[in-house]
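Those sequence lines, one after another, are chains Y and D.
Quick note: the first sequence uses the working numbering, first residue 1, plus one each step.
Quick note: the second sequence uses the working numbering, first residue 1, plus one each step.
Hints were generated in silico from the structure; no laboratory data involved.
Be careful, since some hints might not be right.
Straight-line C-alpha distance at most 30 Å; calculated DSBU-like pairs for lysine-lysine [as the list claims (entries may be wrong)]: (1) K68/D x K70/Y; (2) K55/Y x K1/D; (3) K110/D x K18/Y; (4) K13/Y x K53/Y; (5) K53/Y x K68/D; (6) K55/Y x K110/D; (7) K18/Y x K71/Y; (8) K18/Y x K57/Y; (9) K55/Y x K3/Y; (10) K70/Y x K53/Y; (11) K1/D x K110/D; (12) K57/Y x K42/D; (13) K3/Y x K57/Y; (14) K13/Y x K55/Y; (15) K57/Y x K1/D; (16) K71/Y x K13/Y; (17) K42/D x K1/D; (18) K18/Y x K53/Y; (19) K55/Y x K18/Y; (20) K110/D x K53/Y; (21) K70/Y x K3/Y; (22) K57/Y x K68/D; (23) K71/Y x K57/Y; (24) K42/D x K13/Y; (25) K3/Y x K71/Y; (26) K18/Y x K70/Y; (27) K42/D x K71/Y; (28) K42/D x K3/Y.
So, partial list: chain D residues that the calculated Cβ filter (under 7 Å) puts toward chain Y [said to hold, decoys possible]: (29) I7; (30) L47; (31) F101; (32) R106.
Each residue gets a CB set at the ideal place from its N, CA and C atoms; glycine is no exception.
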Amino acid sequence: DVKVTQSSRYLVKRTGEKVFLECVQDMDHENMFWYRQDPGLGLRLIYFSYDVKMKEKGDIPEGYSVSREKKERFSLILESASTNQTSMYLCASSRGEGNQPQHFGDGTRLSIL
Amino acid sequence: KQEVTQIPAALSVPEGENLVLNCSFTDSAIYNLQWFRQDPGKGLTSLLLIQSSQREQTSGRLNASLDKSSGRSTLYIAASQPGDSATYLCAVADNNNDMRFGAGTRLTVKP
């Protein structure tokens, strides 16, 4: 079974802090994704990556950056956290060929105070 | 830009009832459609994936249908159980691996 692991289930940070959310997958997937989920808005894509050291902006990249130094790990970075970034963050991965289903982690519920 | 809508936003049914969840999308040029289940505070679990060339997929008590021309998919749950209570999301993917999600239907099955 595919395992996508997000390092924290719950995280509380303060406004202005630099925040790192980590995601690791164990199936050698090429593609990795970061979404945020807010009530009534569904999932929105922040950034994605098709390969190591490669990144592409999603629909809402502002205020975020990402890092993919190794194939199995995809990090989401909040450069200077703000209260409007309080949300549920979901990481996903998929195989690279064709259009393969995405497998999701359990999410990180982030609160910015 | 693809838009995905799920109606109703919430649904409450008694145990044992058969039910249908609806998903509609605006652009019929899709690659596949996927139904997910999300329990409170958890990530998404894939239930069924329908490729654009398929009309339906079945898994146990779940059956998902796809009508690309009308931009609709339904998730049919037979003989519902309290353990089916969760939020159900549908997501539509295009040829570029761009996946668009609906906001979900929150299902409660009462014992």
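Is the interface hint for R106/D satisfied, with its Cβ closer than 7 Å to some Cβ of chain Y? violated, 10 Å
Given the proposed pairing of K68/D with K70/Y, does the C-alpha separation stay at or below 30 Å? Given pair K68/D, K70/Y is violated - Cα atoms ~38 Å apart, limit 30 Å.
Restraint status (C-alpha distance of K42/D to K13/Y at most 30 Å): Judged against 30 Å, a Cα distance of about 20 Å means the pair holds.
Is the hinted pair K18/Y and K53/Y satisfied, with a Cα-Cα distance of at most 30 Å? The given pair, whose Cα atoms are some 21 Å apart, holds under the 30 Å limit.
Proposed proximity, K53/Y with K13/Y (alpha carbon, max 30 Å): The hint holds at about 27 Å.
Within 30 Å, alpha carbon to alpha carbon, are K71/Y and K13/Y? Judged against 30 Å, a Cα distance of about 28 Å means the pair holds.
Would the hint linking K57/Y and K1/D be met if the CA-CA limit is 30 Å? holds, 16 Å
For the pair supplied as a hint, K57/Y and K68/D, confirm whether the alpha-carbon distance does not exceed 30 Å. Since the Cα atoms of K57/Y and K68/D sit roughly 28 Å apart, the hinted pair holds (cutoff 30 Å).
Pair hint K57/Y and K42/D, alpha-carbon separation not exceeding 30 Å: OK: K57/Y and K42/D at ~25 Å, within 30 Å.
Below or equal to 30 Å on CA atoms is what counts here, so check K55/Y against K1/D. holds, 21 Å
K55/Y and K110/D: Cα distance at most 30 Å? Status violated; Cα separation ~45 Å.
Hint check: K110/D vs K53/Y, CA-CA at most 30 Å. Holds or violated? Judged against 30 Å, a Cα distance of about 48 Å means the pair is violated.
The structure shown violates the earlier hints numbered 1, 3, 5, 6, 11, 20, 29, 30 and 32.
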